[in-house]
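Position 98, counted from 1, in the sequence shown is what the working numbering calls 98; the numbers after and before it change by one each time, with no gaps.
I should point out that these hints are in silico values taken from the structure, not numbers from a laboratory. It is possible that some hints are incorrect.
Claimed, not checked - Below, simulated DSS-like cross-link-like pairs (lysine-lysine); rule was C-alpha separation at most 25 Å, straight line:
(1) Lys-41 with Lys-53
(2) Lys-29 with Lys-41
(3) Lys-131 with Lys-107
(4) Lys-53 with Lys-29
(5) Lys-47 with Lys-33
(6) Lys-131 with Lys-272
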Amino acid sequence: MSSWLFILSILSGLLSYSFFNIGFALEKKAISKLSSEVQNKIVEMIKHLLRSKTWLLGFFLTLFSVVLYFIALTWAPLSAIAPLSGFGLVILITFAHIDLHESFNIKEIIGMVMVIVGISASSYFTSLNSKQMLWDEWNVLAHSYTGLIILLSSIVLGLILPIVFILKAKHNSFYAFAVLAGIAAGIQTVIIKGITLWFSPTNYGPVLFIVFLYIGGFLLTALASTGGLQLAFREGKVTNIMALYNGFVTIIPILFGGIVLLEWQDYTILNKTLLGISISIALSGIIIISLEHSHQSSDNNL
Numbered sequence: 001m002s003s004w005l006f007i008l009s010i011l012s013g014l015l016s017y018s019f020f021n022i023g024f025a026l027e028k029k030a031i032s033k034l035s036s037e038v039q040n041k042i043v044e045m046i047k048h049l050l051r052s053k054t055w056l057l058g059f060f061l062t063l064f065s066v067v068l069y070f071i072a073l074t075w076a077p078l079s080a081i082a083p084l085s086g087f088g089l090v091i092l093i094t095f096a097h098i099d100l101h102e103s104f105n106i107k108e109i110i111g112m113v114m115v116i117v118g119i120s121a122s123s124y125f126t127s128l129n130s131k132q133m134l135w136d137e138w139n140v141l142a143h144s145y146t147g148l149i150i151l152l153s154s155i156v157l158g159l160i161l162p163i164v165f166i167l168k169a170k171h172n173s174f175y176a177f178a179v180l181a182g183i184a185a186g187i188q189t190v191i192i193k194g195i196t197l198w199f200s201p202t203n204y205g206p207v208l209f210i211v212f213l214y215i216g217g218f219l220l221t222a223l224a225s226t227g228g229l230q231l232a233f234r235e236g237k238v239t240n241i242m243a244l245y246n247g248f249v250t251i252i253p254i255l256f257g258g259i260v261l262l263e264w265q266d267y268t269i270l271n272k273t274l275l276g277i278s279i280s281i282a283l284s285g286i287i288i289i290s291l292e293h294s295h296q297s298s299d300n301n302l
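With the hints as constraints, model all of the structure from the sequences given.
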């Protein structure tokens, strides 16, 4: 695969996650301006939001981010694109500070540096052995028992964890919707990767059943992800919600790519180790900046 196409995928992924996070922050900002009475009436809330320039701008940014995400996954493996979600969170935290006219503290800066270093290193290590997968290969690997087990386990987890959050921490029930949204988006990432391979050179194209199954899965996960975030935004802070969301949307594609699609099969032991460390650094950075930001500005919505 051309290095330029890989770079294009990485840049598209960075822009996609940035637009996605900023878009949802703008949507949250618009929702927070509505009265509690309007927020409790779904139809009325939708009417108000459709007249809000802030919400519409956020909506179109998130919509455009999906287009960029398709481009990103066309020429890069799942394990290369998934860690980039941390960059979107860095952009979101920066946006929140600018909006609130706050300065960064040292822990946030350390977290941001960890995220940037982690995703830069992971992108480099995945580029060393990256190759373009064809539909024939995907059809065998992704539809294997291992692939189905991971996806079904993710779905079950997406149903159980929200219930646990609601039962154990009713005052923080918005986290349940963030978990649901993150898992749905993680599964959606896998589906999008499969869809991008429909147009690859192949001897056996996807059958009609697979086409409908993937399109249906894409729409359902999009609905669950978007709807879950919107419900979470009614109560929780967007930075906390998106940190939890980004965690799941990162882990699921990495596990699927590494275990099911064998994306790391040709890597040396050293390369695998360094890649694992770089991804861990990025995830640790996500945790640090989200926890640190959650301690600040408790009276704001970002």
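Here's how the hints hold up against the structure:
no.: 1; hint: Lys-41 with Lys-53; verdict: holds, 20 Å
no.: 2; hint: Lys-29 with Lys-41; verdict: holds, 18 Å
no.: 3; hint: Lys-131 with Lys-107; verdict: violated, 37 Å
no.: 4; hint: Lys-53 with Lys-29; verdict: holds, 11 Å
no.: 5; hint: Lys-47 with Lys-33; verdict: holds, 14 Å
no.: 6; hint: Lys-131 with Lys-272; verdict: holds, 16 Å
Checked against the numbered hints given earlier, the structure breaks only hint 3 and satisfies all the rest.
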